[in-house]
Amino acid sequence: MSIQEIQEEIVDEFSMFDDWMQRYEYMIELGKSLPLIDGQYKTEDNLIKGCQSKVWVHAELDGDKLVFTADSDAIITKGIIAILIRAFSNQKPQDIIDADTAFIDEIGLKEHLSPTRANGLVSMIKQLKLYAVAYQTQLN
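Convert by adding 123 to the 1-based position in the sequence shown; the result is the number in our numbering.
Because the hints were derived from the structure by calculation, they are not lab data. Please note: incorrect hints may appear among the correct ones.
Okay, derived cross-link-like pairs now, BS3-like style, lysine-lysine, Cα gap no bigger than 27 Å in a straight line [as the list claims (entries may be wrong)]:
#1 Lys252 <-> Lys233
#2 Lys249 <-> Lys188
#3 Lys172 <-> Lys249
#4 Lys177 <-> Lys188
#5 Lys188 <-> Lys165
#6 Lys172 <-> Lys155
#7 Lys155 <-> Lys233
#8 Lys165 <-> Lys155
#9 Lys188 <-> Lys252
#10 Lys165 <-> Lys252
#11 Lys233 <-> Lys215
#12 Lys215 <-> Lys188
#13 Lys172 <-> Lys188
#14 Lys249 <-> Lys155
#15 Lys177 <-> Lys252
#16 Lys233 <-> Lys249
#17 Lys215 <-> Lys155
#18 Lys215 <-> Lys172
#19 Lys165 <-> Lys215
#20 Lys215 <-> Lys249
#21 Lys249 <-> Lys177
#22 Lys155 <-> Lys252
#23 Lys252 <-> Lys172
#24 Lys165 <-> Lys177
#25 Lys249 <-> Lys165
#26 Lys155 <-> Lys177
#27 Lys252 <-> Lys215
#28 Lys233 <-> Lys172
#29 Lys233 <-> Lys177
#30 Lys155 <-> Lys188
Derived Cβ-Cβ restraints for the label pairs, each shown as a range [claimed, not checked]:
#31 Leu262 <-> Met144: 41 to 49 Å
#32 Ser125 <-> Pro158: 29 to 37 Å
#33 Thr239 <-> Met124: 12 to 20 Å
#34 Thr239 <-> Asp187: 18 to 26 Å
#35 Gly186 <-> Thr239: 34 to 42 Å
#36 Ser156 <-> Glu131: 18 to 26 Å
#37 Asp142 <-> Glu183: 17 to 25 Å
#38 Leu170 <-> Thr260: 33 to 41 Å
#39 Gly231 <-> Leu262: 32 to 40 Å
#40 Glu128 <-> Gly173: 23 to 31 Å
Even for Gly, the Cβ is constructed at its ideal location relative to N, Cα and C.
Using the sequences provided together with the hints, build the complete structure.
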């Protein structure tokens, strides 16, 4: 599936819920299915700067696709990074770089987060894209 198709699927899933409490519960469930980062990568270098909670992200190339793993010490944040990883993992770095993140606004995520969590969300997206840039450079 393309990033766009996955994002549309996420928007459809979130539209099934009537209120934000249900959406938060769904995000927590998504966080439980997050591909967890190996303990050896839970380092200061893999921490996302600008997040209120601790969020670790690791990326590695599998063939020509970037695979992300992550973890967080907060359940909502774990759900947020799970959504992003679902959209961007197992994709080509250039596709991640070129990807639009409007689906975040479509599900209304930013407006339902505290300002510090919303900043953390932006930092997470930026970090995933930076990994993609670094790996795309290696592929060139």
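These are the hints, each one checked on the structure:
The suggested pairing of Lys252 with Lys233 holds, with an alpha-carbon distance near 18 Å, which does not exceed 27 Å. A hinted pair counts as satisfied when its Cα atoms are at most 27 Å apart, and Lys249 with Lys188 qualifies at roughly 18 Å. For the hint pairing Lys172 with Lys249, the CA-to-CA distance comes to about 10 Å; that is within 27 Å, so the pair holds. Taking the CA atoms of Lys177 and Lys188, the gap is near 26 Å; set against the 27 Å cutoff, the hint holds.
Using a Cα cut-off of 27 Å, the hinted pair Lys188 and Lys165 holds, with the two alpha carbons roughly 22 Å apart. Proposed proximity of Lys172 and Lys155 is supported: the alpha carbons are some 22 Å apart, at most 27 Å. Restraint check: the Cα-Cα separation between Lys155 and Lys233 comes to about 21 Å, which is no more than 27 Å; the hinted pair holds. Of the supplied pair hints, the one linking Lys165 and Lys155 holds, its CA atoms being roughly 17 Å apart against a limit of 27 Å.
Our distance criterion of 27 Å between C-alpha atoms is met by Lys188 and Lys252, whose separation comes to about 13 Å. Taken as a hint, the Lys165 and Lys252 pair is honoured in the structure, with Cα atoms around 19 Å apart against an allowance of 27 Å. Proximity of Lys233 to Lys215 is assessed by CA-CA distance (about 26 Å); at most 27 Å being required, the pair is judged to hold. A hinted pair counts as satisfied when its Cα atoms are at most 27 Å apart, and Lys215 with Lys188 qualifies at roughly 4 Å.
Annotation: proposed proximity of Lys172 to Lys188 holds, straight-line Cα distance about 24 Å (limit 27 Å). Restraint check: the Cα-Cα separation between Lys249 and Lys155 comes to about 23 Å, which is no more than 27 Å; the hinted pair holds. For the given pair, Lys177 sits about 19 Å from Lys252 by alpha-carbon distance, which is consistent with the 27 Å threshold. Restraint check for Lys233 and Lys249: the C-alpha separation of about 15 Å stays at or below 27 Å, so the hint holds.
Distance restraint check for Lys215 and Lys155: the Cα-Cα separation of roughly 25 Å lies within the 27 Å cut-off, and the hinted pair is therefore satisfied. In summary, the hint linking Lys215 to Lys172 is supported, as the alpha carbons are separated by about 24 Å, within the 27 Å threshold. Pair hint Lys165 plus Lys215 holds up; C-alpha atoms about 24 Å apart against a cutoff of 27 Å. The straight-line distance between the Cα atoms of Lys215 and Lys249 is roughly 16 Å, inside the 27 Å bound, and the hint therefore holds.
For the given pair, Lys249 sits about 16 Å from Lys177 by alpha-carbon distance, which is consistent with the 27 Å threshold. Under the criterion of a C-alpha separation no larger than 27 Å, the hint pairing Lys155 with Lys252 is consistent with the structure, at around 23 Å. A distance of roughly 14 Å separates the Cα atoms of Lys252 and Lys172; the hinted pair therefore holds under the 27 Å criterion. With a CA separation close to 10 Å, the supplied pair Lys165 and Lys177 stays within the 27 Å bound.
Among the hinted pairs, Lys249 with Lys165 is consistent with the structure: their alpha-carbon atoms are about 19 Å apart, no more than 27 Å. The hinted pair formed by Lys155 and Lys177 meets the criterion: a straight-line CA distance of about 16 Å does not exceed 27 Å. Of the supplied pair hints, the one linking Lys252 and Lys215 holds, its CA atoms being roughly 11 Å apart against a limit of 27 Å. Between Lys233 and Lys172 the alpha-carbon distance is near 18 Å, which keeps this suggested pair within the 27 Å criterion.
The straight-line distance between the Cα atoms of Lys233 and Lys177 is roughly 19 Å, inside the 27 Å bound, and the hint therefore holds. Only pairs whose Cα atoms come within 27 Å are accepted, and Lys155 paired with Lys188 is accepted, the gap being roughly 24 Å. For the hinted restraint 41 to 49 Å between Leu262 and Met144, the CB-CB distance of approximately 43 Å keeps it satisfied. The hinted window of 29 to 37 Å between Ser125 and Pro158 is violated, with their beta carbons roughly 19 Å apart.
Separated by about 32 Å at the C-beta atoms, Thr239 and Met124 break the suggested range of 12 to 20 Å. Checked against the hint of 18 to 26 Å, the pair Thr239 and Asp187 fails, with Cβ atoms roughly 36 Å apart. Between Gly186 and Thr239 the CB atoms are about 37 Å apart, so this pair conforms to the stated range of 34 to 42 Å. For Ser156 paired with Glu131, a C-beta distance near 19 Å keeps the hint of 18 to 26 Å intact.
The supplied range of 17 to 25 Å is broken by Asp142 and Glu183, whose beta-carbon atoms lie about 38 Å from each other. Taking 33 to 41 Å as the suggested C-beta distance range, the pair Leu170 and Thr260 does not conform, at roughly 22 Å. In this structure the hint that Gly231 and Leu262 lie 32 to 40 Å apart at CB holds, the actual value being about 35 Å. The given range of 23 to 31 Å is respected by Glu128 and Gly173, whose C-beta atoms sit roughly 29 Å from each other.
Violated hints, listed in ascending order, are 32, 33, 34, 37, 38; each of the other numbered hints is respected by the structure.
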